[in-house]
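Below, each chain spelled out in residue letters.
There are 2 protein chains.
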Amino acid sequence: MFGFNYYTPTKVVFGKNTESKVAELVKEFGGTKLLIHYGGGSVVRSGLLKRVTDTLDAAGISYVMLGGAVPNPHLGLVYEGIDLCKKENVDFILAVGGGSAIDSAKAIGYGVVNEGDVWDFYDYKRKATGCLPLGVILTIAATGSEMSDSSVITKEEGLVKRGYSSNYCRPKFAIMNPELTMTLPDYQTACGCTDIMMHTMERYFTNGGNMEITDALAEGLLRTVKKNALILAEDPNNYDARAEVMWAGSLAHNGITGCGNDGGDWMTHKLEHELGGLYDVAHGAGLAAIWGSWARYVYKDCLPRFKKFALNVMDVRDEGTDEEIALCGIEAMEDFYRTIKMPTNLRELGVNPTEEELVTMAKKCAIGVGGEMGSAKVLNEEAMLAIYRASM
Amino acid sequence: MFGFNYYTPTKVVFGKNTESKVAELVKEFGGTKLLIHYGGGSVVRSGLLKRVTDTLDAAGISYVMLGGAVPNPHLGLVYEGIDLCKKENVDFILAVGGGSAIDSAKAIGYGVVNEGDVWDFYDYKRKATGCLPLGVILTIAATGSEMSDSSVITKEEGLVKRGYSSNYCRPKFAIMNPELTMTLPDYQTACGCTDIMMHTMERYFTNGGNMEITDALAEGLLRTVKKNALILAEDPNNYDARAEVMWAGSLAHNGITGCGNDGGDWMTHKLEHELGGLYDVAHGAGLAAIWGSWARYVYKDCLPRFKKFALNVMDVRDEGTDEEIALCGIEAMEDFYRTIKMPTNLRELGVNPTEEELVTMAKKCAIGVGGEMGSAKVLNEEAMLAIYRASM
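Residue numbers (this note's numbering), protein chains in the order written: chain F, -1 to 390; chain R, -1 to 390.
If you're looking for bench data, these hints aren't it; they were derived computationally from the structure.
Some clues are possibly wrong.
The list that follows gives simulated cross-link-like pairs (lysine to aspartate or glutamate, DMTMM-like), each with its CA atoms no further than 25 Å apart [unchecked claim]: (1) R:125 with F:22; (2) F:375 with F:217; (3) F:306 with R:313; (4) R:170 with F:22.
These figures come from a predicted structure and were not determined experimentally.
Work out the full structure, taking the sequences as your base and the hints as a guide.
Encoded structure:
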């Protein structure tokens, strides 16, 4: 196994009605003038935003607001947020929403504290030296951004989707009330469950440094999300299932399911980023559409892990060759996707790229990862193109 | 399930030779004048302390030293450390050792920052409002104090052993090099594994609020420690097994294996604390000596959890009544203790209290928990005495 750093300073406040604690948490972490950053109208329509501002008003905490964060959040809004924060002397960002609002808030936080163009960080040109402190009220269980060190932003020009990670942007607090996720459309709930599982699967399918305890945690998490995603497909207002999935979402991406390994594979995410940049598809659905093709392309090079996944997560019977068991595991995962109405190829995702577009995506993906990347199997541009083609 | 707070801000730096990073970590967290607090001579003899001070010297960080922390660390040394810190204007404590040195360092940290007698906190008279920042170089995998919010101190007068918990004392960083644990005697390694498992078992055997994901993490952790404790009994220099146990030790007590439940049972710990206060036995061995009697006393009131434990952790076959399965799980756990040479009763622990001493321990234990306590089953003084008697 490898050495590792593990750092998850986010204070999680989990349970019913926890959004009522927002003012005391903002004060605990020194916020005096807030940017409240959110996405679409759902947090307005649900009354959540009003409850939050009422609580802040009562506590005498001032704020400015910026809505409009969209899935695959755009750089333009980040620039707007940076300008607003500077103009209003904002010292704390409160993101209210899902991964889009949080990622966008992180990018704004980088831009306020660091000189120059914030896109430089996402373009791998230089590293941030700080980030404005931020807190989160989570309304979608999916990206894990509420505890993670990462954020993903899309530059409108050329539709370039890139991630940047540093400990500076880990939220100071995360308020997590499972009830707030009950208004999500079924499709978004399923996308979230897919994203959550993928964050741990990216860390699981590696050829280096795996630890038994990390595997045990990862497999336990995957089994839990799988079971509860199926419950939510039938009973979306099931509080316990919402809670299991929501907490799993944070643990899937805060680092704990990757301790000791080589950092993970992450190629399904990278392949999906190009899709998401080009087509603005839901991230979770994009991951589901790509994963099977990726898995079939790489599994022979990571056979012990695919076998273990099949046996310990997908409940495949221990019969046949390792390859047969591994393939059964991949099929079982795709069956699970279908059951929760996730796509297992690009057609089901609703996109139909031309061969030229596939070539472009593969080229951009390869550039984005510096030529080649992967741990289950190292993929170059040619391999990426093959996976895109297979996912049609 | 219940709502919960989860807060583990400790930066973990895990792996070979990580102690070489001590100076940069101290600087990162603002330490300029250190108290280096350690236990017995083992960190001196092993050369670890010299390596640490050489690194600090090279970085220009000044320090004073205080050794002598013993298992069940004493209040007298805590007072000594507080005086030394105040006299020398110490602004950061570096604990080098196991749970004794860390717990003692936490108590010193409380005493420096808060006015009045530090014992007040352990005596439940008032609450701390802060703690001097501290970092840890861990040499024993056991108590989990390197990430936890708790510390346990023994007052020499009357041999009163008490714990106090608050987020203020969570270490800023924890340097964890599994190689540093290889010099431990086999008995101490086994005691550590017992303590680690008990921290999660105390959270697992409850009647309220359990979450599936928490159970999955807990069971995975318990299986991992059980397996690797057996490996270490045969092959104490096995790096991977040392690493599995060391990381499990932190996760077992940082809160993650209790999220969503009612806080846990903790009566085995409370019963052992009286033993530890009176006889100065190794904490892990004391826990093993008490657990079986506790489990047999309470299991019928917490049958679903004992059954689940038997099936998912102890690999008991799913045959017979729930009670039979639960009892098989308890027996399997005791067999495991015997295999790693842990005691399963007080005689094997090497102590032989009189009936009067048992009565005194039960009385002190009841006072310590405010009359009665427990989640698997609520225990009063009479019940505590019955368990002590059964453990003879």
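(message) Need the status of pair residue 170 (chain R), residue 22 (chain F): alpha-carbon distance at most 25 Å?
(response) Roughly 23 Å between the alpha carbons, so the hint for residue 170 (chain R) and residue 22 (chain F) holds.
(message) Against the 25 Å threshold, does the CA-CA distance of residue 125 (chain R) and residue 22 (chain F) hold or violate the hint?
(response) This hinted pair holds, its Cα atoms lying about 19 Å apart.
(request) Could you grab the alpha-carbon distance between residue 306 (chain F) and residue 313 (chain R) and see if it respects the 25 Å cut-off? (result) Within the cut-off at roughly 18 Å; holds.
(request) Compare the distance between the alpha carbons of residue 375 (chain F) and residue 217 (chain F) with 25 Å, and conclude whether the hinted pair is satisfied. (result) Distance ~21 Å between residue 375 (chain F) and residue 217 (chain F) Cα, so the pair holds.
Violation of the numbered hints given earlier is absent; every hint is satisfied by the structure.
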